[in-house]
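Assemble the complex: chain Z is given as a structure, and chain S must be docked to it using the hints.
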Amino acid sequence: MSGRLHLIYNAELMADHLGEFEQIVLLAVLRLGDDAYGVPIRREIEKQAGRKTTVGALYSTLDRLEAKGYVGSWFADPTAERGGRSRRYFRVEPTGVEALARAREMFDRMWKGVRLV
Amino acid sequence: MSDRPPKLAERLLRWLVPGREGEIIAGDLREEFRERGGGRLWYWKEALSCAAVRFSPHRLTAPDLRQDLHYAVRLLRRNPGYAATAMLCLALGIGVNATVFSMVNELFWQPLPVPHSDRVAVIGRSGDESVCSYRDYVEFQRRSGGLLTGLLAYDEMPTSVDSEGVSRMAMAEGVTANFADVLQLRAQAGRWFTAEDERPGADPVVVLGDGAWSRRFGRSPAAVGQRLRIESRWYRIIGVAPAGFIGVSPPHTAEVWVPLLSQRYVQEALANPGERERPRVRMIGRLAAGTSLRTVESGLRTIDAQILREFPRENPPRGGLTADVAAGASMPAVREFAGMMAALLLGVTGIVLLIACVNIANLLLARSAVRRREMAVRQALGASRWRLARQTLAEGLTISVGGAALGLVFGYFCSRLMARSMPALPHIGTVTLEGRIDWRVAAFAAAIGLFSALLFSFAPAIEQSRVGLTAWMKGDGPSKRLRQRDVYVVAQVALSLVLLIAATLLLRALGRAQQAEPGYAMAGRLAARIYVSEPEYSEQSGRLFFDRALARVRSTPGVRSATLSYTTPLGFTSSACVAPDAATRRRRVSSDVIVPGYFDTIGIPIVRGRQFTAADSGGAPRVAVINQTFADRYWPGEDAIGKTLWVGCDQKSGRVEAQVVGVARDAKYESLDEAPRPFLYTPLAQDWVGYMAMIVETSGNPADFTAPLRGILHDVDPSLRVYEIETLEQYAAESLWKTRWQASLLAAFGALAMALAAVGLYGVVAYSVAQRTREIGVRLAMGAQRGDVMWMVLGRGLGLTAAGIALGIVLSAMATRLIGRLLLGLSPLDPVSFGAASLAWLAIAMLATYVPARRAMRVDPVVALRWE
Chain Z
103 MSGRLHLIYN
113 AELMADHLGE
123 FEQIVLLAVL
133 RLGDDAYGVP
143 IRREIEKQAG
153 RKTTVGALYS
163 TLDRLEAKGY
173 VGSWFADPTA
183 ERGGRSRRYF
193 RVEPTGVEAL
203 ARAREMFDRM
213 WKGVRLV
Chain S
70 MSDRPPKLAE
80 RLLRWLVPGR
90 EGEIIAGDLR
100 EEFRERGGGR
110 LWYWKEALSC
120 AAVRFSPHRL
130 TAPDLRQDLH
140 YAVRLLRRNP
150 GYAATAMLCL
160 ALGIGVNATV
170 FSMVNELFWQ
180 PLPVPHSDRV
190 AVIGRSGDES
200 VCSYRDYVEF
210 QRRSGGLLTG
220 LLAYDEMPTS
230 VDSEGVSRMA
240 MAEGVTANFA
250 DVLQLRAQAG
260 RWFTAEDERP
270 GADPVVVLGD
280 GAWSRRFGRS
290 PAAVGQRLRI
300 ESRWYRIIGV
310 APAGFIGVSP
320 PHTAEVWVPL
330 LSQRYVQEAL
340 ANPGERERPR
350 VRMIGRLAAG
360 TSLRTVESGL
370 RTIDAQILRE
380 FPRENPPRGG
390 LTADVAAGAS
400 MPAVREFAGM
410 MAALLLGVTG
420 IVLLIACVNI
430 ANLLLARSAV
440 RRREMAVRQA
450 LGASRWRLAR
460 QTLAEGLTIS
470 VGGAALGLVF
480 GYFCSRLMAR
490 SMPALPHIGT
500 VTLEGRIDWR
510 VAAFAAAIGL
520 FSALLFSFAP
530 AIEQSRVGLT
540 AWMKGDGPSK
550 RLRQRDVYVV
560 AQVALSLVLL
570 IAATLLLRAL
580 GRAQQAEPGY
590 AMAGRLAARI
600 YVSEPEYSEQ
610 SGRLFFDRAL
620 ARVRSTPGVR
630 SATLSYTTPL
640 GFTSSACVAP
650 DAATRRRRVS
660 SDVIVPGYFD
670 TIGIPIVRGR
680 QFTAADSGGA
690 PRVAVINQTF
700 ADRYWPGEDA
710 IGKTLWVGCD
720 QKSGRVEAQV
730 VGVARDAKYE
740 SLDEAPRPFL
750 YTPLAQDWVG
760 YMAMIVETSG
770 NPADFTAPLR
780 GILHDVDPSL
790 RVYEIETLEQ
800 YAAESLWKTR
810 WQASLLAAFG
820 ALAMALAAVG
830 LYGVVAYSVA
840 QRTREIGVRL
850 AMGAQRGDVM
860 WMVLGRGLGL
870 TAAGIALGIV
880 LSAMATRLIG
890 RLLLGLSPLD
900 PVSFGAASLA
910 WLAIAMLATY
920 VPARRAMRVD
930 PVVALRWE
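One line per chain: the protein sequences are Z and S, in this order.
Take the position in the first sequence, starting the count at 1, then add 102; the result is the number in the working numbering.
Take the position in the second sequence, starting the count at 1, then add 69; the result is the number in the working numbering.
Here chain S stands alone, though its shape is the one from the complex:
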C-alpha cells in the first residue's frame, strides 16, 4: 500500500471542489487515508462523492460562476458599443438560421391544426400518391373498429370556383361526411357535413375555407345559405371551416370542401358495381385510445391484404400501407423539394453564422488585449488558467443569450417576410406558409446560440488564460495575436466570397434563362384560358362556340390574329402516347391540340411540309405535325413527311394512325431551361378537348386587351368559364420562379455575409492601426510621408483581402459544383461571375480599410510618441 493517496483522484477532487474548501476536504481524506493505512478504491469513492459538494448551491466556491456572469454583464454594460456590435452580429447570424429552420419546421413537423393531432394518422401507400379506392375504404372503415375511432377518405380536386364572370383555379377537398368528426373540427359558422349530404340526389353543399370567406363575403355570417358556383354546378354554402385550417394536405391550401359522394366523377365510377379500382382516395384516421401507430399500421396492412384477397383486381397495388402522424407537408414530393432547399439554405445560413462568430471572436480578442494587465495580475494572485478562461466563456455566454433573443425576434420578421415572398406556384394553387416561431425554432436558436458561444469564445478564452505576468511586463504579445485575427479575417473574406460567387452565378443563370430564345414570338400576345364544359356544351356545340368566338375576336380592331391551343407556351403542358408502329412500345411525348393558323400566330415556322388546314376535319384522314427533335429521334436521317404514327394512351379507346404532314421548328415548351424534347401537334377538329387557351396577337400592349377580351368572350356566351388571362411574357417570367427565388435568397444572404465580413475586416485593420500608433508616430517623425503611412495600412488590409479572395476562389471552385443543377447550363466555374464577385469584394475592402488608413495618416507624431 502506498503512503500517499492516488494522485489522479486527488486531482479530481481538487477539480470538483476548487479553492480552499477542496484543500480542506483533501486534507481530511489524507488524514483518514493514513489512519486506514491505504485503500485506493475507498479514496476514489470519496473523491467522486465530492460531486455532491460541487453541485450544492451553498458551496463556498459557487459564487464564482455567478460572479463571472455578473462581471460579464457589468463589463458589457460598460462597453455598450462592443456589446451591441457583438450581439447584433450574432443576432443576424442566428436570425437567418432561425428563419430557414422555421420553414423546415413547418414543412416537416408542424402538426395539423386539429385537436389532439398526435392521435391523427395519415394513411399512405409507398410508391403511390393515392391509397385505395372508395369501395376499399368502405371495407377498411368496417374492419378497423378496434384500431381507429374514425376513418375518413378524401381526395384533392383542382377545380374552378366562379364568381362575377371570373373563374379561378382553386383547390377543393372532396371528403366523406365524417370528416369533421374524425378531425374534431368545429365550424366557424354554420355546420360541417352529415350523412344526409351524402345521400344520392341530395342538394350539393359546400363548406368554405376561412380565406375564401374573408375574400368573397367579408366574413359576413350571411354567407351561410348563399350559393357558390363550382365547375358547372351551384352549391349551397352550409358552413365555414375554422380559421387557420387549410385542409389535410398542407402546405397546399384547400379553399372549399365538398362531399366526395356528391362529385360526378365519383358517382359515375361507383355506378358500376364491379368497379374496384376507382375512384382513388386517401385516408386519415384517428387512433383509438391506447393503440400505437405501429399497431394501427400493421393492423391496416392485414386488412389491406384481406381486401385484396377477397376482391381481386387487375392492377393490385404493390406498395404497402404506411401510417404516419399528421405533421408537416403531406405530399412526399413537397417534402423532397423542401428537404433539398432546406439543405442548401441551411448551408448558406450556416456560413453566415460562422462569419458572424468570427467577428465576435475578433471582438473578444481585441478586448482581451485591452485587459491583459488585469489578467496578468489575476494570474499572479493565484487564479488558474481555467478560471481566467471561464471569464471569457461567461462573457461569450452572456453575448449569446442576448444575441439569441434578438436573433429570434429578427428571425420572426424574416420568416414572415420569406413566407409571404413564396411565389404562388402557377397552375397548382396556393401554398400557404406561415413563418411561425414555435418552441422547436426557439430551441434551435438557443442551441445554435450556445454552440456559437462555445465557438467564438474558444480561441479568445485560450488566449486570455495564456497570459503570463512576465510576458506582459515585457510588453510582448501583439504580433502573435494579430496573426490569429488575420487568419480569421482571411477566412471571413473567403467564406463570404463563396456565397457571393454562388449568388452571382444564380443571377447570371437567371439572366441567361430570361434571354433564352423560347422559339415563339412572345411580344404582343396574350392567352386566355377558357372551358366549354359539359353539361352546358356538347362536342358539337363546343366546336360551334369556338368558331364563333375566334371569328368575333379576329374581327375586333387591334387584333392581328387569334388562335386556339390546349397548352400555353411555358405554362400548362400536356402529353400523349405515341409509337412509330403498332409493334413498338408506346412512349409519352409532350403534345398539344391546335387549330389551323396556330403556327402563324405563335411565330413558330414550319420547316418541312405544311401545317393543319380546314381540310383536316373530323372525317378526313388523321394527320399530325411534329417538331424537329421528334423527327430526328424517330426517323433519323429520313424525311418525316408521310410517315405514320400510332397515337393514343388509353387502352380502351384504342389508338389511331396519323400521318405526319409537317415538321415545325423546335421551341421551349415547359420552361426556358429545358433540354430539346420531341413534340406532337394534333388538330382540334380531329381531337376534341373543351379546355383551351385562346392566344391573341394584338397590335398594342397586350395587357390592355385583357378586359376587352373577357368582355368579348362573355358577349358570345355569358356563362362561359374564363380563367386567367395573361400575356405570354408573364407566363415566361413565371416559369422561372424557382430560379428567381433561389437567386434572390442567395443574393440576400451573400450580401449579409459580405457586410459582416467587411465589418470584421474594418475591425482588424482599425485595431492594427491603434496598436501601431507609436510605430506610425516614429515613422512620421523620421520623415515618412503621410501618403506612405496610408499605403502601409491600406496595403495590409488589401493584402488580407487578396489572401481571402484567393482562398475564396479555391473554395468556390469546389463548392459551386453542388449547385450546378440550378445553373441552367451556365458553367459552375463561370469566370465572369468569379471575376465580378471578387472585384466587388475588393472594392468593399478598399472602402473598409480606407477609414482606418485615413486615421493612420492623421496621427500626430508628437502625441503618438508620448502614448504608452
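So here's chain Z without its partners, still in its complex pose:
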C-alpha cells in the first residue's frame, strides 16, 4: 500500500524532498490563508498553475503532507450547500514553510548559471 497510485511522483515518501505537486499544493494553501479548503484550493491551483487536479489527487496529497507534519487541518461547521457536510480547512505548519523554503533554495541553486537558449 505505498501510494503508488499517485500518478505524479516516484520519491514521494522521502520526507525531506517535496515533490512538485506537493509544493504547488502547499503554495496554494499559503496563498489562500484562512480560506483554504478543498474547493478553493483546487480552484487556485487551476487558476495559477494551469493544472486540473482531481479531488482524489488533492486529498491524497494533503493527507500525505499532514502525515509528514507539513500541514494541519481542522473541521468547520456543516453548510447546506454541501448537503449538510462540514468543511476541512488546511493551514501550512512551520515545518511545511521550512520545507518549501528548502525546495526553493534547491531550485535556485540548480538554476544558477543556467541559460536557456
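Please note: incorrect hints may appear among the correct ones.
To be verified - Among chain Z residues calculated to face chain S with C-beta under 7 angstroms, some are:
1) Gly-140
2) Val-141
3) Pro-142
4) Glu-146
5) Lys-149
6) Arg-153
7) Thr-156
8) Val-157
9) Gly-158
10) Tyr-161
11) Ser-162
12) Arg-193
13) Pro-196
To be verified - When the alpha-carbon atoms are kept at most 25 angstroms apart in a straight line, the in silico DSS-like pairs for lysine-lysine are as follows:
14) Lys-114/S / Lys-76/S
15) Lys-76/S / Lys-149/Z
16) Lys-76/S / Lys-154/Z
17) Lys-154/Z / Lys-114/S
Said to hold, decoys possible - Computed far set for chain S versus chain Z, every beta-carbon distance over 12 angstroms:
18) Leu-98
19) Arg-123
20) Gln-253
21) Glu-300
22) Ala-338
23) Ala-652
24) Val-676
25) Val-758
26) Met-883
27) Leu-916
28) Leu-934
Quick caveat, the hints were computed from the structure, so don't treat them as lab data.
These figures come from a predicted structure and were not determined experimentally.
Even for Gly, the Cβ is constructed at its ideal location relative to N, Cα and C.
Just chain S now, with coordinates in the frame of chain Z:
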C-alpha cells in the same frame, strides 16, 4: 441538469473513502457541482479519483484495517485454546493438501537439477517412447547448430550390477560423450566421459551415481579407478555424478552411466552400415542463446523430415517431434499415472480441508455468539455492517496465516513420509521422490489458506454483521444460529463418511485380492532369478549348467522339488505371438518357458492331455501346453489336444508349428486381480532362454533356504549371476502394491477427516449444552431425571449424526463409482463396507456426545437458574 449529484457516484465515493473524510470530499464535490451547474461525467471522474485517497497509506481511515488485524491478533492471544484449535484444524487440512501437491509438483514441474534447466529441452516423438535411431541422431547433431548449443543422445538400460556374488537389477543410462557438456554437469569425483571413451576398442568406463557411491564405497574417493561388473563386463569407474542427480528420466533413478557406444547391442546394430532404425535413442538438447522452444521444435521437425527423405526406411515413424522443457517426470506413462493419482488424492484432501474449514466456521460462530453484545453496541455507535463483517474476516485471515504456516511445516514432514513410503516398484527399478517444499508448494498453501479463510469466515461474518441492537436486547437468536451449525455438522459427518466408506471399500478389496485363489501352490516355495549369459555360456553349456544345477538342488535335503520357469508367478511375465493357423493374424498371449516337472512343483493340475517330458527334446516335434481359457477361446467346444499352433513373433526367424499336448488349469499370472487370460507354455528344450527362475519347494520355511540356495548355485558356478531370491508369497504380496498403497493413503485421510468431524460434532453438542444450561436447570428443578437430561443431549448429538450418516451414504453411493476400477471386483455399493463405516461413525459419535451429555447431567439447577 439535475440539482443533485449522481447518487451512485456518491455512493461509490463513500465506499472508497468511508468515514468523515469521505463526507468532507463529498461535500466539496457537492459544492463544486452546484457551482458548475451539473456535469455527471465530471462527478464520476472525481469520484473514481478518490481511489487514490483510499490506497494512500496516510488516510485517516487506513488505521481501520490495521486496527482490525491488531484487534484480531489480540483476541486470538486472549483465547489461545480457540486460536490453537482453529489453527490446528486448518494446519491439518492445508498440510495434507500441500503434501499431495508437492508430489504433483515434483512429477510435473520440478526442473532437472542441472544449471539453467529452463534452457534444456527434452526431444520427444508423439506416440513413440524412443525418438530416433543413433545414426539419425548424428544427422540431427550435424544440422542443428543454429538451434542448439549441444545435443546428446541417451537410452535407458535395465541392467544388472554385480558385487559379492549378488546381482541387482539397476537402471543405467547409456549416453553420448557430450552428456556432461550439454547438461553442464560437474563430477563430484573424477570426471565424466570424453570422446576418447567412445572410441571403438576403448576401455569400458562407468560413472557412478551418488547413491551407488554411498552404498558400495562409502563415498570414498578411492572408488575412482576401481572396477565394477555390469552384466558380463568389467567397467572402470572414472567419476561420480553430482549429488541429487538421478539421471534424465526422473523419477526413475539411474545408478550408473556408461558410454552408449561401448554397449554391445549398440555396436552390433551399428556394424551394419545400412541399418537406419536401430539402436533407438532419445535426445536432449540445450537451447542456443536467443532461441525459443517453439523455434527449436519446428527447426527439428524440418530436419526430421529431411532425414526421413534422405534416408528412407521400412517403418518411418508417424508421430511428429516435440520439444519440451525438461521438468517433471519424463515418461508420459508416469505422468498419466501420477495425474490420475493426484486427481483422486486432491479430491480426498480437498474434502479433509473442507471439513476442517467447517470446524473453524463453527468455532467462529460460537465466538460470535459470545460477542453479540459488543457487536450490537458497535453497530449502535455507527459501525456499518461491512465494518463488523470485516472484523470477522480479519480474524479469519489471521487464523489462516497461522494455519498455513503450520500447515506447510506439517506438509513438509508428511510429504517426506509419503515419499519414503512409495513402494519400490518391483522389477522396474528405484523410483526416487524427494517430497520437497519449494516456492510453488508454498504459494499453493498460501492460496488455499486464503481461500479457506474466505470460506470459513463467510457465514460467520454475515452472522456477525447482522446483529441488531434490539434483537440482542430482546435476547433473540440462539435458535437460528444453532440450526446453521447443525447443518454444518451434518455436512461434516456426511463428507467424512464418504472418505471412510471409500477407505473401507479399498481395504476390503485388498483383503479379497490377497485371499484370491492364485491357482498355484504358493506355500513353501521360493524363486531365484538366475542368468546364464553370453559370452560365458553358449546355449549348449547353458543347458548343461541348468541340468547340473537342478540336479544339485533336487538332491539337497529339505528340498521337495525344483523346477525352472522363465516367468515368475505374479512377478515377471512374458508374451509370445500365436495363431491357430498360418493364415490368421497373430495375436500376443502371455507365455512361459518351462522344464518337465514344472506343473508338479508349482501345483497347477493338467486337466487334459499331458505335460512336457524328457522326450520333448530339441530334435522332437514341437509341442505346447495351453490353459483352459486358451482352449476355450481358440477351439470352443472342441478338444484342444492334437490341434496345431503357429508360434513366433519375429518376422525374420519365422514361425514354427507346435502341437498342443496338454491343457492346464487357469491361474493368475500377472496380478491377483486380473481377468482370465489365455496362456501358452513351451519347453525349454525346444525354446532356449538363459534368464530363468529356479522355483524350489522346500519342506521347511522357504525364506530360510535363501542363503543355502545361493550357496549351492555359486558352488556349481562361482561366476553365475544370481538376482533376487524371494518366496512366491512375497511376489504375490508385491503384486498388490498399488492397491495397498491407495488403501493406506485413503484410510489415513479418512481417519483424519473423521477425527476432525468428531471434534466438530463435540463442539456443537457442547455448545448447545452450554446454551441450554438454564433450560436444563429448569427441567431438573421441575423434576426431570438426570438420565432424561443426558438422553436429551445424546439424542440431539445422535440425531445430527444419523442425519449426517444418511446423507453420507447417499453421497458415497454416487462417489464410489469413481473408484470402481480400483476395487478389483468388489461392488462399489458393497453393503458390508457401507454398514461397517456407518457403525464406526456412530460409535465415535456416541463417544463425542457422551462427554457433553455427562456435563449436562451434572448441571446444578440452582446454579443454572441463577446464571444469566
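Original post:
Can we trust that Leu-934/S is non-interface, i.e. its beta-carbon lies farther than 12 angstroms from all of chain Z?
Top reply: holds, 51 angstroms
Original post:
At a threshold of 7 angstroms, is the proposed contact between Tyr-161/Z and chain S supported by beta-carbon distances?
Top reply: Status holds, d = 5 angstroms.
**OP:** Please settle this one: Val-758/S was flagged as non-interface, so is its CB more than 12 angstroms from every CB on chain Z?
**Re:** Since the minimum Cβ distance to chain Z is about 74 angstroms, Val-758/S lies beyond 12 angstroms and the statement holds.
Original post:
Are Gly-140/Z and chain S close enough, Cβ to Cβ, to be under 7 angstroms, as the hint says?
Top reply: holds, 4 angstroms
Subject >> Whether Arg-123/S stays farther than 12 angstroms from all C-beta atoms of chain Z, as the label says >> reply: violated, 8 angstroms
**OP:** With a cut-off of 25 angstroms on the C-alpha distance, tell me whether Lys-114/S and Lys-76/S pass.
**Re:** Holds: Lys-114/S and Lys-76/S sit about 14 angstroms apart, inside 25 angstroms.
Subject >> Status of the hint placing Lys-149/Z at chain S (closest C-beta pair under 7 angstroms) >> reply: With a minimum Cβ separation of about 14 angstroms from chain S (threshold 7 angstroms), the hint on Lys-149/Z is violated.
Original post:
Regarding the assertion that Ala-338/S does not contact chain Z, is the least Cβ-Cβ distance greater than 12 angstroms?
Top reply: At roughly 64 angstroms from the nearest Cβ of chain Z, Ala-338/S sits farther out than 12 angstroms, so the non-interface label holds.
Original post:
Quick one, is the Val-141/Z hint okay against chain S at 7 angstroms, beta carbons?
Top reply: Cβ of Val-141/Z sits 5 angstroms from chain S, so the hint holds.
Original post:
Going by Cβ atoms, does Gln-253/S stay more than 12 angstroms from chain Z at every point?
Top reply: Correct as stated: the minimum Cβ-Cβ distance to chain Z is 40 angstroms, above 12 angstroms.
Subject >> Proposed proximity, Lys-114/S with Lys-154/Z (alpha carbon, max 25 angstroms) >> reply: The hint holds at about 12 angstroms.
**OP:** With chain S as the partner, please determine if Glu-146/Z meets the hint condition of a C-beta pair closer than 7 angstroms.
**Re:** With Cβ-Cβ at 13 angstroms, over 7 angstroms, it is violated.
When the structure is compared with the earlier hints, violations turn up for hints 3, 4, 5, 6, 12, 13, 15, 18, 19 and for no others.
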